[in-house]
Amino acid sequence: MFNRSQVASAPTRPASIAPASPSAAVRGISQMAMFAALIAVLGQLPAIPLAGGVPITLQTLGVMLAGAVLGPWRGAGAVMLLHALVAAGLPLLAQGSGGLGAFAGPSAGFALGWIPGAFLVGLITQASWPLRLWRTILGVTLGGIVVVYACGLPVLAFQMGLSLEQAALINLAFLPGDVLKAVIAVALTHSLARAYPTPFSHARRRRR
Amino acid sequence: MIPLYRPGTSLLHRLPVGAKFLGIFLAALIASMFRESLGVLLVIWAASLLGFLLAGIGVRGLLAQLWRLKWLVVVLSVPQLIFLTPAETGYNVARVLAVVLLAALFTLTTATSEILASFERVLRPLDPLLRRLGLSAERISLALSLTIRSVPVILSFYAEIREAQRARGMRPTPRGTVLPLLVMSLRHAEETAEALAARGVR
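In the order they appear, the protein sequences are chains A and B.
So that you can map any letter, position 80 of the first sequence is 80 in this note's numbering, and since no number is skipped, the others follow by simple counting.
So that you can map any letter, position 94 of the second sequence is 94 in this note's numbering, and since no number is skipped, the others follow by simple counting.
There could be a bad hint or two in this list.
[Stated by the list, open to error] So, partial list: chain A residues that the calculated Cβ filter (under 10 Å) puts toward chain B:
1. MET34
2. VAL41
3. LEU42
4. GLY161
5. ALA173
6. PRO176
7. LEU180
8. THR198
Honestly, the hints are just simulated from the structure, not real lab data.
From the three backbone atoms N, C-alpha and C, an ideal C-beta is built for every residue, glycine too.
With the rest of the complex left out, here is chain B:
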């Protein structure tokens, strides 16, 4: 599992997480509120283009991002062309793409660990409130890192199940694959809980 983050040292990389997030959130909000204005659309596109250049990702990186979004463009434009004029469709697709690219810029320039750390910082003052729900910032952080660790484990369970199926010449059906995957994952959850308890996590 490779994070989508691209390491770098540009201005955008060094900006505090909160400021970057707020900036992108506001830009997305403005793009959605002034949806009829061509000026706002051009400014947002210019901002994301500038951001990609500033972050050192460049035009090639931008094109790679756009290529990742090819299905979004297809899914967006085909139905719109049925109901709207081509000009309106192009306008709508351009607006959605601009916002998505801007959000992608946040993801590309901010390390996952940094975002998770800032989650915890935001949650800390909420601790008394969280405790009423039986939670705490620490527990949430623990759950997040457990999840990251569990993805490859569950992928390996899946590989094991597929191998067993192939050995018996079985075709993979959703039911035949997901049921053993569920049992293995939940058993693993139980083992993990016991391991945590043994290490004194309450």
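Isolated chain A (complex conformation):
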């Protein structure tokens, strides 16, 4: 399949020399890299001040979308790529934070929870094709919120010397933002599945 840029760069290409179609592995690498970069960019966009003055970034929206759009393996892979680069010293987390310090602070558990989180979002959301709305909602809620909190809260409680209940109470301030992002993620996933279904290959392979 030719796309615009290739046609523009090689208008006189003979029809017999068709470009090699990329293997699934190469396509996967490219998609994971692009999504890792997308999650990073979403974290740098201006934060949305929420009621109560807690600013939220769209970074976790990117994590939910990674799982929902790319499926479990590539979704989790995109998050791992991002984490590897953050650990290597690039400022790719929300508002330009990064470096090894991001994994030493109290929110380290949340960031690490994105990996199983994105995996579960993908596993549930892409269990069938076409996508089912209830599955996407369940996947984004369980993977994008429940799993991430389950990984994040114990670390938060331990680092701050609080009990798990106290940590959960503090974290309640972020719940409205996360629910809002989950809603946006579900809507975006379904719009994208209609507008551009190519990346949903995990689901499309198990068409039912």
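Given chain A, work out where chain B should sit, using these hints.
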């Protein structure tokens, strides 16, 4: 995208990546394990202060790092003050800050490229295992460098979308911005995959 690394030639800069990482990992582990001990806390703080001086970053650099962490301090101390005494809060915040500063020291004194190279060295012997998952150390390195290259590309997509919105007098909403960003990024991923295939990457 500017790496957080500060070039230099100090002892800390020259230390092998693995040794530096292990040292900082152990210090963080000890700080978390002996959380009640004032002695351990003082030693860790002294170590990070000494590290900042040794690395030639100095007190000003340390203060700049602390300023970067101002939100962490606020987010840490406000809720703690509700549940714990001021002394306990101060102690906890000091411990978390010491560990984060130590980790920042690693980031400040180690070049990103050097860390990525050592990732690859660690992954190489795991290659047979990775191949079972359809991966290889080479593919992972390729994905990492593609990601670095893609960040400015996606930022430029975002700028393009904002400009188009502004031209039509649209307010930026998360949905209206992220959907075109997703489509553009995924199309770009497809083009990149084709370009890689055309260059013989399998």
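Now for the hints, and whether the structure bears them out:
{"no.": "1", "hint": "MET34", "result": "holds, 4 Å"}
{"no.": "2", "hint": "VAL41", "result": "holds, 5 Å"}
{"no.": "3", "hint": "LEU42", "result": "holds, 7 Å"}
{"no.": "4", "hint": "GLY161", "result": "holds, 5 Å"}
{"no.": "5", "hint": "ALA173", "result": "holds, 9 Å"}
{"no.": "6", "hint": "PRO176", "result": "violated, 14 Å"}
{"no.": "7", "hint": "LEU180", "result": "holds, 8 Å"}
{"no.": "8", "hint": "THR198", "result": "holds, 7 Å"}
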